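Modelling step: build the complete structure from the supplied sequences, incorporating the hints.
There are 2 protein chains.
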Amino acid sequence: MRVAIYFFICVDLSLALFEEPALFPLPFLATSIAEVICLTAFCGRLVHFASITSRVVFWKDTKNICIMVTIVLTLIDLIIYGSLEAVHIHGVRWSRALRPVFLISCPESRQIRRAFRSIRNTLPDILYVFLLFLFSVLVFSLMALKLFGDRGLRTAEGAPYFTNILEIAFELYVLVTTANSPDVMMPAYNVNWWYSLYFITYIIINTYIFMSVFLAVVYNNYRKHLKNEIRKLAYLKRHKMIEAFNLLKVQVGTEFVVKEATWRQLAKVVAPDISSSHLELLLRISDEGQKGHVDKMNFLRLADLLNIQVVTVNIKRHPLESWVPWIYQSSASLLVQRMVRHRIFVWIYDIIILINAIFIALDEKNPFISCAEWLFLSLYVMEILLKLYTYEPTAYFGRRQFWNWFDTLIIIAALVATVTNTSIQSGQYHYQQILDIVLILRILRLLRVIVSVQRFRVIVTTLMNIGPTMLTFGGLVFVVYYAFAVIGMEMFHSKVHFFDPNFTTPDALVCGNPALKGSAFARDRYCKNNFNDLASSFIVLTELTVFLNFPLLAGGFALVTHQAAKLYFILFHAVVVILVVNIFIAFILEAFFVAYSLEKSDIETAIEKKIQELGVGVQEEDVQDRKLTENMDTKDGSFSREDGDRRRTALKGLYCRIASKKYRTVDALLQRMFESEIAPEDEGPSLDEILNLSPSDIYPKSPNFENSA
Amino acid sequence: MRVAIYFFICVDLSLALFEEPALFPLPFLATSIAEVICLTAFCGRLVHFASITSRVVFWKDTKNICIMVTIVLTLIDLIIYGSLEAVHIHGVRWSRALRPVFLISCPESRQIRRAFRSIRNTLPDILYVFLLFLFSVLVFSLMALKLFGDRGLRTAEGAPYFTNILEIAFELYVLVTTANSPDVMMPAYNVNWWYSLYFITYIIINTYIFMSVFLAVVYNNYRKHLKNEIRKLAYLKRHKMIEAFNLLKVQVGTEFVVKEATWRQLAKVVAPDISSSHLELLLRISDEGQKGHVDKMNFLRLADLLNIQVVTVNIKRHPLESWVPWIYQSSASLLVQRMVRHRIFVWIYDIIILINAIFIALDEKNPFISCAEWLFLSLYVMEILLKLYTYEPTAYFGRRQFWNWFDTLIIIAALVATVTNTSIQSGQYHYQQILDIVLILRILRLLRVIVSVQRFRVIVTTLMNIGPTMLTFGGLVFVVYYAFAVIGMEMFHSKVHFFDPNFTTPDALVCGNPALKGSAFARDRYCKNNFNDLASSFIVLTELTVFLNFPLLAGGFALVTHQAAKLYFILFHAVVVILVVNIFIAFILEAFFVAYSLEKSDIETAIEKKIQELGVGVQEEDVQDRKLTENMDTKDGSFSREDGDRRRTALKGLYCRIASKKYRTVDALLQRMFESEIAPEDEGPSLDEILNLSPSDIYPKSPNFENSA
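So the protein sequences, as listed, match chains A and B. Okay, so the first sequence: first residue is 1 according to UniProt numbering, each after it adds one. Okay, so the second sequence: first residue is 1 according to UniProt numbering, each after it adds one.
Hints listed in this document are in silico derivations from the structure and should not be mistaken for laboratory results. Please note that a few of the clues may not be correct.
For identical chains, the list gives no copy identity; a pair is met inside one copy or between any two copies.
Here are the computed lysine to aspartate or glutamate pairs in the DMTMM-like style, where the Cα-Cα straight-line distance is at most 25 angstroms [what the hints assert, rightly or not]: (1) Lys517 / Glu157; (2) Lys237 / Asp61; (3) Lys232 / Glu243; (4) Lys259 / Glu243; (5) Lys249 / Glu260; (6) Lys566 / Asp524; (7) Lys268 / Glu280; (8) Lys249 / Glu280.
Bear in mind that the values here come from a model prediction, so they are computed numbers and not experimental data.
Here it is in structure tokens:
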């Protein structure tokens, strides 16, 4: 069911690829039938949803109403467009910009909705800064009009300079993005040295100060709302746990507790996959006095305990050791193993990788160099084989050994691709795609060097942690881009055409539009930056996000109604750069501040203490993955020696450690951080109150520094 | 003495204006004599300084050693250059880049030194991120070389595309600044749609993620070091106060205290300007039980108490009321006063200002409109006169009434300039400068509208608070710019020449350098962007800070040795944009976070409580300046009515209030915030320890979240 809905959403969104202006054109009838099918599916899901939830809940849910409104609007639009098409009038398919609503409203896009909610909450604050910013731009425009308007100055293209207040305001808005930086200043600067002060003042105030203020406002709100959402979750969890406790409690002495058996049963129900040794560990932490029952305080921690990933490492012997112990334990074999485990082994391979990089940069036509490539490849294969010989294979390919997987996959892929490429080349064929893949794989290998430097690893780890949440931003950006791309296609399609770069016909030089003659757009060969299909539109919008390129705007889209195009670009810039990009930056800032303050929470420390107490701990020095397996081996020796302890025997063969910090997400860290602010005794407000919490409830007065920073 | 040193520093720095390449050329002999005089002055100051401080302190001070080394190097350089000049060989005056050292080392530039120290402390962290960033750029360059190098692609200018790894690395570095955004991608994109993914990946990783990481690292370190510095100051203060207490204390009963008379004497010595009523207020706060002595806890607060600006407002009658009471108190006069005080009066003038803005935007040639300008001017003058009639003039022009001063000065200046302009115009003359000033003044008036909107006021107030500290950044930027400008002038001067824009000789079209023929530099008329004198260099560097414009780099300075020029620009970008601009943004972010969390400190609240208790308070509703005087008037009435209280009589005629929060600087706020973290009993470490505090001492382990965020 869920898969079907996702499928229909994908179909609905990808329709834009087939509709006019299309990447792969299909007749209107085909796309409209597909769209109606999708709409029916969404409708069906809504009806199903309505049947299983109460009427009040259903109608209170904004996303259901959004879906319904969008379906109705889309149908109306389809009918109007279809009937206009029947009498050969070309209409505007405006409802296509609404399609992302289905993506946002599907129950699995909770993260995207949260991001949108965060944006909505930030809007009022942003709006005031934006108004002030616009006011400042207008005041400067007025000044520019008065200072430069009457001089009869001309731009480098020969157009009149700063004569119309709206033109000036637009140019100055673009100057904020620094895109037309010296160009817009040059005519005035050429007249008088002093006029540059006007532009420098403008840039300091509007580019540097206002853009920073936008970031400050977005960041401040982002953190406030994030904290609010997470606090809400924490209260909800606490609430549920107390409810559960009240259901299960029995009275022992003066206090209410949960019996060990009940606790075990519950844990098994909640986390069916948990290993019995892991459960044992948790029980020992929860029931510290081993009294046979768990008190309220410890019971409430159950969810947190289950959330902490304890990696249970089963120390296995190397398979070769069991099969051919006389060879594996021979002195030559031991020497090899010692060599591979040595730090110098890593360094040697780092040097090899760097030499490889130099060879890659050199010319490939040289037969000696292409031979060297085979040499490097075999060296890498040898490295992996040696490591597999030394370390236990299942440990080497553990779930969390990202870099081992990375290494092996890259090398195997490179091996396959190189062999394929060589065999094809010998047959006088030359597949560019395969060659490209080989090259990229070859270069990706270089990334391994980073992992050898401790300081780099911290940064890379943080960036990798951000990865999953980055997908939320991907979704957010996709939704915004899709809407703008559809509008852009309606406004600008077929204004310019792309010709093969080798064409030099006059038509190709002006991108198929004579109005572009002599413009920077045609001169810089921007013809492929157009809104003629969805893919191109997305790329143009990406370019504009990165940099509001002036020739792109002024030259290319000045073809349609000037003011409408400008409005479109300013709106796009304001939404994407001021809101979305700033949220992205705020998010990365937050992630790094959290990473700089990595601390273990209380509960985690308790677990770790217990693990150490039970003597089954593996030290947290596994940051360098290669060392983990090594570590376990050394531990193995000491383990056998102190084998007497009863507890250890009970858990024998099991090594636990808390999953490395580097795999924690920022969200989880934040959640733990905020949770620790709630006192353990605090039972939180009632359920209704929790659900209706708004930031202002949590901060009745303006938040103090510790909250807001 | 201090003035003399500043004078010599100015002379020394401004020598760059007169030396080759010069704005105002002077012979080498003249500038070198001036330089030697300056050096002698610095030397003299150093000798003087050495004579009054102990040898150990003198030699431990890095800035003295810096000055000495710089003087010696400058002399060596002067001699070498002079002797080379004598035999007509043109040397390089490299020591000129060192001149800002004198500015940094002068004792009054403590703030700039602090900023430099902060940068130095941030460097190691930044360096690792920068290396990782460079590694990423290199890996991408290698990929680009392999993917696009062999295709024989050409850029829009016809140059070979992506064939040399160093060229690629430079282009990709510039892409990080987004300056050559679509251009660098277009040739590959024109070949195949998919290659745009390479560039988009590059931009996401290097532009968005790495630049945010830079900001995160800089911000994190900035805050850490700021906190450290301020904590050091707080501990020092505490230390000194305890020393003072130990000197002055006498034993009363079981505890040591300071007698009221001693306390008074001390306060008078420390703050000679303090009014006796203010002192009385402080004493009442310090000696709460009115026991005639101050205990240790309260004594330690003395410095903080003195730091809080208590505005003592002496309620005066309007001079007109004393002179001509029968007129001033007449019903017509009272009606006028009530009108002026009414909110609608402010609104009416806001509307007038907006109408004025529209008139300014309209064509000025129209005689009706230039008449209207006179009307507006007289309306503004009338507003000021009416306000002066209603409010007490000395209160209206109070020290803190920024906007009143702003209004009046703008109007008077506009009046003078308009009259001057009109009289000159009637004599058939036309002074552009005066007209420009009139126009700017006229438009600046519009700013007053902002103050009427509460939400805008918060932002504007925060920005105005940042003002003073912004000057520190100004100094920092000046020092960096100066050094780079001097180097730039040595490298690039006289490569291009500026001709009047109306010249169309072939020479003028290529900026006097045939090598620029057909380049974007010449086409976009960038000739004035050159390093031919200090002023131009500063402007070019500003342009490059804002935006690493590609035609500017690629076209203009590719004339000199390519690699050296690239290195210069990359170095400049790395220093200014990655370090200085990020510190600037961090600073603004911090200021806004602090502004969002404006809270009164304990001490301030205590003072305010006392003020209220004594019944001499003026409410803190003075945010809108116009209301302050109003408020006092209303209070006046209630005051006379409840005149019975002994204390009130004692302080009669005096109104106190804590100076509005809006005039507090961020530094002061931070200081108070961090100080509140030190427990009142904590006497801090010993003096030596304090002076040697480094961030790592204060944060023995990695700082936890509350510290770092």
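Status of the hints after comparison with the structure:
In the homo-oligomer, the alpha carbons of Lys517 and Glu157 lie at most 25 angstroms apart both inside one protomer (12 angstroms) and across protomers (17 angstroms), since each shortest distance falls under that limit. With identical chains, the CA atoms of Lys237 and Asp61 are at most 25 angstroms apart within one copy only, with a shortest distance of 22 angstroms there and 58 angstroms across copies. In this assembly of identical chains, Lys232 and Glu243 lie within 25 angstroms of each other by CA distance solely inside one copy; the values are 17 angstroms within and 50 angstroms between copies. Only within a single protomer do Lys259 and Glu243 lie at most 25 angstroms apart by alpha-carbon distance; the minimum there is 16 angstroms, versus 62 angstroms between protomers.
For the homomeric pair Lys249 and Glu260, the shortest alpha-carbon distance inside one copy (11 angstroms) is at most 25 angstroms, but the shortest distance between copies (65 angstroms) is not. Proximity of Lys566 and Asp524 under a CA criterion of 25 angstroms is satisfied in both settings, with 21 angstroms inside one chain copy and 23 angstroms between copies. Taking the closest pair of Cα atoms, Lys268 and Glu280 come within 25 angstroms of each other only inside a single copy of the chain (12 angstroms); across copies the shortest separation is 72 angstroms, beyond that limit. In the homo-oligomer, the alpha carbons of Lys249 and Glu280 lie at most 25 angstroms apart inside one protomer (21 angstroms), although the nearest pairing across protomers, at 64 angstroms, exceeds that limit.
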